[in-house]
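Here the protein sequences come in this chain order: A and B. So that you can map any letter, position 88 of the first sequence is 90 in our numbering, and since no number is skipped, the others follow by simple counting. So that you can map any letter, position 243 of the second sequence is 452 in our numbering, and since no number is skipped, the others follow by simple counting.
Possibly wrong hints are sitting among the right ones.
Derived CB-CB ranges, DEER-like [unchecked claim]: (1) B:T406 - A:N201: 57 to 63 Å; (2) B:E240 - A:G42: 18 to 24 Å; (3) B:H229 - A:L186: 51 to 57 Å; (4) B:R337 - A:D7: 22 to 28 Å; (5) B:L338 - A:G26: 54 to 60 Å; (6) A:L214 - B:I297: 38 to 44 Å; (7) B:R500 - A:D7: 57 to 63 Å; (8) A:D7 - B:W272: 31 to 37 Å; (9) A:K4 - B:T406: 35 to 41 Å.
Over 10 Å on every C-beta distance to chain A, these chain B residues come out as not near it, computed from the model [as the list claims (entries may be wrong)]: (10) E256; (11) G277; (12) H325; (13) E341; (14) P463; (15) Y479; (16) S481; (17) A483; (18) V493.
For the record, the hints were derived by calculation from the structure and aren't laboratory data. C-beta atoms are modelled at their ideal positions from N, C-alpha and C, and glycine is treated no differently.
Next come the chains, spelled out residue by residue.
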Amino acid sequence: MKVLDLGTSSLREVNSVLQTATTGEFVVSNPQGAHALGCGLDAPVTLRVEGPVGYYCGGMNQQANVLVDGNAGTGLAENIMSGTVTVTGNAGQSAGATGHGGLVVVQGNASARCGISMKGVDIVVGGDVGHMSAFMAQAGALIVLGDAGADLGDSIYEAQLFVRGSTTSLGADCVEKEVRPEHLDFLAVRLADAEMDANPADFSRYGSARMLYNFHPDDVNAVEAAR
Amino acid sequence: MCGIVGLFLKTGRHEHELGHLTSLMLEQMRERGPDSAGFAIYGDDREEETRLTVLAESIDIDWDAVCGRLSGALDGLVSYRTVLDHAIIETTATGSEARRWLIDHVPEVTVLGFGHAIELYKAVGDPRLVAERYDLAGRSGTHAIAHTRMATESAVTTAGSHPFSTGEDTCLVHNGSLSNHNLLREVLESKGVSFQTENDTEVAAGYVAWRLTEGDTLVEALERGIDDLDGFYTLCVGTRDGFAVLRDPIACKPAVMAETDDWVAMASEYRSIAQLPGVEHATVWEPEPARVFAWSRS
């Protein structure tokens, strides 16, 4: 395990070490809200950040497992491709935005626009999500153990939304859907991956009414799966 | 872009270092607003006296003469001290009348603010240099609000820098832009509010000050503002003994808040808050849109 101290090293130095590593375990101390920490990782490394981070932590992540022991600012794990980004505290707005794959876990609350334009990432939030979460979400799943703010899933395409608590309001073309056995199975797996203790049967499911967009015949399988 | 910081002390523990802590927070926001900066600091509250912070930018002004005329026009004692191009005019006369007289009779100066506890300083240039020039770090007090500006809506001038203040002991900093400020300025002018710039944020400051004089609490004034202010904004507002934060209903402009037993802080980014003593035990959150977060010390 290698310790990188942002109190004595520059952010560029730390990111350079992380981005060129091909394997190994790293700890970053004294992050002090630094931006873009651990962005662009593309190897099966493990990164633990001891303290709060600023914007875009774990952005574009591939393969790596990133754990932030603290809060995260705007754009956590933006455009994540694979791997896992976990935050023990709260996340600022646009967590998991545009993510293509992998898993984002926020143990506390996520703010506005969580999962905006998500394209395949799975996001699990232990607390609440703010307004306009999963806006224009295209694929993947947003799983919220708490409540969802106003306009959940506005203009949604084929992502799946699961909320255990209340929803202030649903956005345009977002509707509640039946929870079928395959959804319970999926929730059980993802909740376990996220190390969240919750009963899949307690969640409601939301998705697209498909009145706002014209889908392509090639996407019929995704449409069938989300029905 | 712009950067905002605000620090409200709930106890006396850090009053001696309020300016120092605010300068540390401001330093972190330099990149968000490199063209100008300003700060308002509340302290040394004196019931019998009003202090007016007056700016004479790029001109040599005879403050003795100005204060002599002011003293003759108003019913009260007038004295002053200067801090570079700013003058702090102290008077026992009514603050709003003194402000009005200066605006009407000394058009070459800008009245940055007035009140029993507030002083404001602002200038064009690197926020670090602005803080040093007006000795932010050496000041004590109960709460402070500061701003680094990246001008989008009006020119890079000292008068266009934040914080803006139009009412007694009330000031406001803003990240964003208002879209209905011209109409709102006309409405407020018809109610007797006077403005000194074309800046949108001054209109928001005038709006809040007007609502407070109409009897609203700070929370009520800002809640009404959600309906009346159109545009993008994260606002941080200071009053004589209060502090509040409001984001517009869409909340595109960033804000993070933190609270301990000793202080409440807000900033555009966590980096600023990370400078504060005891932050490792603070509650940290992103303020929800269209919700007023307010504290008072009374």
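For a quick check of understanding: which of the numbered hints are violated here, in increasing order?
Violated hints: 5, 6, 7, 8, 9, 14, 15, 16, 17, 18; rest satisfied.
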